[in-house]
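**Student:** From just these sequences and the hints, can you work out the full model?
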Amino acid sequence: MRVRGPLPATTLPRAASPLRLTAAHALDLPGRSPLAADPDLRTFTADLTRPYGVELDEEALAGARGQSYAALAGRAIDALVDPARPVDLLVLVYAVPDVRPGQAVALHLGESCPGEPMSFAICDEGAGAAFSALRIADAYARTGGAPRRALLIAVEQADLHHRPHRPARLPDRHSAAALLWEAEPEGGRALQGTCSTSEVTEHQIGGALKELCAELPDGAVLLLGPGLVGVEPPPGPDTRAARPGNPYTGGWAALAAALADPALAGRPLALADLEPETGRLDLAHWAAAGAGR
Amino acid sequence: MTALEAVAVHLPPLAEPVELVGERLGLTERQIRLFRRFHGLDQVRVDPDGDLTDLLTAAAKALAPLRGNEHRVKYVLHARSLPIAVPYPHNPLHDALGRLGLTHARAFTITHHACAGSLLALDVAGRLLAAEPDPGATALILAGEKTFTRDARIVPETALFGEGAAACLVRAGGEHDRVLSYAVDQRGEFDGRLADDPELMLRYQRSYPELMTAVMEAALEEAGESWDSIRLLLPHNVNQISWKRICRRIGYPPERVVLDNVPAVGHSFAADILLNHHTATTRGLLRRGDRYLVAASGIGATFAAMVLQH
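Chain order of the listed sequences is B and L. Just so you know, we're using our numbering here: the first sequence kicks off at 1 and counts up by one. Just so you know, we're using our numbering here: the second sequence kicks off at 294 and counts up by one.
Simulated from the structure, these hints should not be mistaken for laboratory data. Glycine included, every Cβ here is placed at the ideal spot set by N, Cα and C. Warning: the hint list may mix true and false statements.
Output of the computed footprint for chain B on chain L, the stretches with three or more beta carbons under 8 Å from beta carbons of chain B [said to hold, decoys possible]:
no.: 1; stretch: 372-380
no.: 2; stretch: 400-407
no.: 3; stretch: 440-453
no.: 4; stretch: 547-553
On the chain B side, residues computed to face chain L include the following (Cβ under 8 Å) [what the hints assert, rightly or not]:
no.: 5; residue: Pro6
no.: 6; residue: Met118
no.: 7; residue: Cys195
**Tutor:** Here is the structure:
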């Protein structure tokens with residue numbers, strides 16, 4: 001059981017947050033989950049789509065296509081967490097429905113993750129949801145809610161079991177990307193800032209990105225998420241593009257790759273992404289490894 | 294300290310008697326009678342012509358202090374019981390933002406705590422606002438869901454779902470209603486479909502009173518309160534009998550548990566505690582300074598409780 005009193009009258013400034021980004025891991029999980037063959041998936045999807053006049057995808061249902069978020073996130077947990085490093089907070093992020101759409105997967109993950117963390121899920125914000133989860137983990141750290149470790153896991157699976165009413169952003173594979181934050185006084189990277197702009201129209205994207213990136217420190221490497229494919233990079237930082245086939249985990253997978261790249265250890269990192277459905281452009285940036293309290 | 298600035302509700306106009314709901318679900322006469330006589334259910338509110346966007350929009354529009362203060366809303370959280378509620382990429386939450394003039398706000402659904410999700414949303418909203426530089430920033434919490442599938446219509450032998458909805462405006466600080474504590478107990482061992490697994494159902498039913506009581510008492514202890522100092526208990530609206538049993542167990546007067554909406558509305562997912570808050574304040578059951586407890590559980594299972602000061 002997690003028990004908390006009233007929030008403190010003053011909140012720690014971000015620079016004094018005890019949590020630092022210490023590890024990240026991205027993975028793909030090919031194949032199909034046995035859960036996709038559960039007849040309940042057809043029943044649920046039929047009930048879900050009926051009021052909206054949306055057709056079932058009989059081919060996807062008959063082929064039992066799709067991957068499980070419990071399996072994807074479980075692998076991310078195995079890669080980043082062990083019993084000696086128990087987690088206090090786990091936030092699962094998704095946009096595309098799971099093959100077991102009625103299951104509270106975050107709760108199931110909380111049960112199996114070392115530390116039995118408080119766990120919940122964020123969705124319905126597209127690519128912005130992982131940035132919201134990042135803000136939440138940061139807010140928990142700064143209000144005394146996650147003293148040791150927080151784990152953020154973004155998941156996406158590639159198969160819908162209905163025919164969407166309009167073109168939908170879908171990944172081309174089943175993937176997960178996870179970030180581990182730890183109360184590490186020396187290691188890891190401190191979150192320096194998050195900022196965002198809403199209601200960004202297509203022709204405003206380049207200008208809005210330039211504006212958000214104006215305050216990035218010298219030497220920063222900017223990772224451009226899948227929502228920014230084809231957008232002209234802002235002047236200044238070196239940029240790297242995320243894999244476009246992973247709209248909801250690609251940016252975070254690019255961050256995991258950058259964290260693991262020893263050549264970038266001394267450089268600040270930033271990640272920007274746009275959710276075209278909502279017009280929200282997000283930016284988060286971290287100090288160089290081991291620096292910046 | 295997280296504060297609830299205002300709470301509003303929207304009850305769909307159609308009230309269906311439990312007999313009609315039960316018949317549609319294929320329940321036996323005995324099962325229907327059990328819901329009416331034993332569990333204290335009478336009717337459930339539904340809106341067969343409205344969708345989730347309509348439901349959330351109506352709840353937010355009932356929130357008078359929101360009007361003219363839309364620019365202060367930094368976050369909108371839909372506290373949702375069901376992990377998936379519409380066919381992707383439909384997005385009722387963001388559609389509602391458009392109708393409410395809130396497209397500038399950061400909006401997401403917070404879920405996987407099932408019907409205890411509104412307590413989680415209050416905790417998260419309070420923390421997000423506390424970390425904001427603008428002390429005047431607010432968060433809007435929306436709760437309410439559609440009864441579109443069997444699992445969203447009935448908890449076997451326990452509850453019938455309704456489509457009541459609620460909206461709550463939250464601030465990082467304020468005189469009332471201040472959040473004094475939050476306790477949450479997540480029990481993944483109850484993961485599964487209760488309707489298909491009688492053994493799981495039995496374990497859940499047997500464990501429920503003890504786990505619900507434990508989480509409420511943990512919230513009380515953290516807030517430095519006791520049952521004696523708690524003016525009201527605002528529960529989730531699964532049924533009347535389970536709360537009467539818990540009252541007997543803890544020695545709390547059942548007349549101080551707000552159960553008005555159990556027979557009148559139905560179990561409205563994560564909206565229950567906000568519906569009951571609105572009922573309590575509308576009926577004048579809370580005086581300024583009173584401590585009260587809100588408590589809910591969600592299938593999966595999550596048990597949560599919060600102590601607040603009116």
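**Student:** All the hints need checking, so say for each whether the structure fits it.
**Tutor:** Hints, verified against the model:
Only residues whose beta carbon comes within less than 8 Å of a beta carbon in chain B count, and the stretch 372-380 of chain L has 6; three or more means the coverage holds. Only residues whose C-beta sits within less than 8 Å of a C-beta in chain B count toward coverage, and the stretch 400-407 of chain L has 8 of them, enough to reach three; the restraint holds. Residue count for the stretch 440-453 of chain L with a Cβ under 8 Å from a Cβ of chain B: 4. That meets the three needed, and the coverage hint holds. Remark: the stretch 547-553 of chain L is not confirmed as covered by chain B, as 0 of its residues place a Cβ nearer than 8 Å to a Cβ of that chain, below the required three.
For the restraint placing Pro6/B at the interface with chain L, the shortest Cβ-Cβ distance is roughly 5 Å, inside the 8 Å limit, so the hint holds. Annotation: interface hint on Met118/B holds; nearest CB of chain L at approximately 6 Å, less than 8 Å. Checking Cys195/B against chain L: minimum C-beta separation of about 11 Å lies over 8 Å; hint violated.
Checked against the numbered hints given earlier, this structure breaks hints 4 and 7; the rest are met.
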